[in-house]
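Colleague: First to last, the protein sequences are chains A and B. Those letters in the first sequence? Residues 33 to 204, by my numbering. Those letters in the second sequence? Residues 490 to 923, by my numbering.
Note that these hints are calculated values from the structure, not bench results. Values in this document were obtained by computation on a predicted structure and should not be read as measured data. We treat Cβ as the ideally placed atom computed from N, Cα and C, and that holds for glycine.
In silico lysine-lysine, DSBU-like type, Cα no more than 35 Å apart, as pairs: (1) Lys-38/A <-> Lys-663/B; (2) Lys-817/B <-> Lys-663/B; (3) Lys-633/B <-> Lys-38/A; (4) Lys-663/B <-> Lys-633/B; (5) Lys-860/B <-> Lys-633/B; (6) Lys-497/B <-> Lys-523/B; (7) Lys-662/B <-> Lys-774/B; (8) Lys-662/B <-> Lys-38/A; (9) Lys-663/B <-> Lys-774/B; (10) Lys-817/B <-> Lys-633/B; (11) Lys-659/B <-> Lys-633/B; (12) Lys-774/B <-> Lys-659/B; (13) Lys-662/B <-> Lys-817/B; (14) Lys-633/B <-> Lys-178/A; (15) Lys-659/B <-> Lys-38/A; (16) Lys-774/B <-> Lys-817/B; (17) Lys-817/B <-> Lys-38/A; (18) Lys-659/B <-> Lys-817/B.
Sample of chain B residues lacking proximity to chain A, with all beta carbon distances greater than 10 Å (derived): (19) Glu-515; (20) Arg-518; (21) Lys-523; (22) Ala-541; (23) Ile-576; (24) Lys-662; (25) Asp-664; (26) Ser-723; (27) Thr-743; (28) Gln-770; (29) Pro-821; (30) Gln-827; (31) Ser-831; (32) Lys-860; (33) Leu-876.
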Amino acid sequence: MTNESKPRTLFAGIGSPHGDDRIGWLVADALDESMLPGVEVRQASTPSHVLDWLDGFDRLVICDACLRTGGTDLPYLHRWTWPTLEVSSLRSANSHAFGLAQVLQLAERLGTLPQEVIVFGVEGERFDAFAELSSRMSEAFDSIIKVIAVELDGACSRAARGSKHTGAARHA
Amino acid sequence: MTESRTIKVEALTRVEGEGGLYVRLEGERVDDVKLSIYEPPRFFEAFLRGRALEEVPDITARICGICPVAYQMSAVHALEAALDVTISPEIRRLRRLLYCGEWIESHALHMHLLHAPDFFGVDSGIDLAGRFPDEVNRGLRLKKHGNELLEVLGGRAIHPINVAVGGFYKAPKKDDLLRLLPDFEWGLEAAIATTRWVATLDFPDFTRAYDMVALQHPDEYAMNEGHVASTSGSAVAVEDYEDHYEEFHVEHSTALHSGRTAGHSSYHVGPLARINLNHEQLFPKARRLADETGIDWPCWNPFQSIVARGLELVHAYEEAIAIIRNYKPFSPPRIEYQHRASSGCAATEAPRGLIYHRYEVDDAGLVTFAKIVPPTSQNQQQIEADLRDWLPRVLDGDDDHIARECERLVRCYDPCISCSTHFLKLTVDRGEQA
Numbered sequence: 033m034t035n036e037s038k039p040r041t042l043f044a045g046i047g048s049p050h051g052d053d054r055i056g057w058l059v060a061d062a063l064d065e066s067m068l069p070g071v072e073v074r075q076a077s078t079p080s081h082v083l084d085w086l087d088g089f090d091r092l093v094i095c096d097a098c099l100r101t102g103g104t105d106l107p108y109l110h111r112w113t114w115p116t117l118e119v120s121s122l123r124s125a126n127s128h129a130f131g132l133a134q135v136l137q138l139a140e141r142l143g144t145l146p147q148e149v150i151v152f153g154v155e156g157e158r159f160d161a162f163a164e165l166s167s168r169m170s171e172a173f174d175s176i177i178k179v180i181a182v183e184l185d186g187a188c189s190r191a192a193r194g195s196k197h198t199g200a201a202r203h204a
Numbered sequence: 490m491t492e493s494r495t496i497k498v499e500a501l502t503r504v505e506g507e508g509g510l511y512v513r514l515e516g517e518r519v520d521d522v523k524l525s526i527y528e529p530p531r532f533f534e535a536f537l538r539g540r541a542l543e544e545v546p547d548i549t550a551r552i553c554g555i556c557p558v559a560y561q562m563s564a565v566h567a568l569e570a571a572l573d574v575t576i577s578p579e580i581r582r583l584r585r586l587l588y589c590g591e592w593i594e595s596h597a598l599h600m601h602l603l604h605a606p607d608f609f610g611v612d613s614g615i616d617l618a619g620r621f622p623d624e625v626n627r628g629l630r631l632k633k634h635g636n637e638l639l640e641v642l643g644g645r646a647i648h649p650i651n652v653a654v655g656g657f658y659k660a661p662k663k664d665d666l667l668r669l670l671p672d673f674e675w676g677l678e679a680a681i682a683t684t685r686w687v688a689t690l691d692f693p694d695f696t697r698a699y700d701m702v703a704l705q706h707p708d709e710y711a712m713n714e715g716h717v718a719s720t721s722g723s724a725v726a727v728e729d730y731e732d733h734y735e736e737f738h739v740e741h742s743t744a745l746h747s748g749r750t751a752g753h754s755s756y757h758v759g760p761l762a763r764i765n766l767n768h769e770q771l772f773p774k775a776r777r778l779a780d781e782t783g784i785d786w787p788c789w790n791p792f793q794s795i796v797a798r799g800l801e802l803v804h805a806y807e808e809a810i811a812i813i814r815n816y817k818p819f820s821p822p823r824i825e826y827q828h829r830a831s832s833g834c835a836a837t838e839a840p841r842g843l844i845y846h847r848y849e850v851d852d853a854g855l856v857t858f859a860k861i862v863p864p865t866s867q868n869q870q871q872i873e874a875d876l877r878d879w880l881p882r883v884l885d886g887d888d889d890h891i892a893r894e895c896e897r898l899v900r901c902y903d904p905c906i907s908c909s910t911h912f913l914k915l916t917v918d919r920g921e922q923a
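Just need the whole structure built from these sequences, with the hints factored in.
Modeller: Below, the structure written as structure tokens:
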């Protein structure tokens, strides 16, 4: 790959195989299939994985599940531009020794964080071991993909065609 | 009048998973210490029942995002024992290489971002990076090397999928491994520099008479197999592990505790136990470095576990480089086997300590029973015992000071509460009692 064609955007889907915590991985799968130009897609099982991949990117887009706070029918899809206190106070679906906000702060301190960082937090409700996505998350999946794909250079239609889910997410 | 205090750490930081710590003091006397793990148990063992044995490595790898290899290795060795499968030397070496990757990733992360901050009075790895950017950057590069090795051998960055009962689904290409060598050669020297750095830290003068337990092997630094040895002199076959070490329920934790079967006494697993029992078998540079640290091994100070991790980091690089240099693609990558009704067990050394698995399978290859004993479960009782001794030394401050000192001790064990069920929360109870 030449320097000219090297992806400038890193997308990292953080997740686990447990219920709605799958969402980061599933979004990464769908985006990977749609082969968005200029985007490198990665799956991470802990936020600290992201530290390994930051070299050479101008933009970092992250999707991770967070705990449900609202009472709406469909999961809220939060979009935050780093730095923001909201990511720092995010209640992640998983407790990691080194959480997402800490990873971003550390990269910032070391000068390795891309110039632009967007975090999508998807509210989940079901995190049982090895459970499937909740029905609400499944229904919202296509919409989540569309919103994130638009963020990644407006390629929503290609990404949406690659997904098997239907429905809509509320976008906060 | 005796003053009574209860100290609660609601959420321990810089540990994997969720748990809490409760301490009750009567004056200067430690009345009660409870490491409270409150995340609901994940019932992985029950989940495995009825599953095809071939699914077990993949399912168990997903128990923990930090140490998937430890679960996979223990699972495949236990199932191979049940099926009477003998793996080839090539498969065995490749499995050690995979484990080297996990030790490098896990030890580098814990040393630099989770444990080292405690020795500089800073709250996090982020603050440490402000003071020691070169050291933290170095640690992150080491962590990355471990993950890259896992990716080459395991097939992907998260939860390796290439590990199979009987071997690997696919042997790696020589070029893919050789490509890692320049980074690993740099990493070996960087790991040595890191270990020299942590060996100079200011360690509390705190030693305990531990019963340290780890695998021991006659020919190598034990990772994947051996007998269960202890610093108290016992040595038992893995098949007899459950006769000598027992899990039991305690009310304040959703994770089972472990103890010696006789009297449920506590024991200590992890890098310090391994180095104490097996340091003569470290690779040459790690072995020389162990002498150079100035620590008189065996070491009984839990705070110096960070040095033990450093030595294992160096060892893992040395062994990984040796295996990669001598690697030749081989066939078959996986030994064939026949299903049969049987049972088997195995113990391996996860980054955090000994992990034991036992399975029973039927003649259709379905799992009928599974037992998994992770290292953090085994260390829980030991951590509580340590805190009882540690607390009287740190009572000369306010509750925040005491809580910080307790967390500091807990982090020596690099607990992965995610594995034992899933973080740590301290409660100090201050009251007055006639």
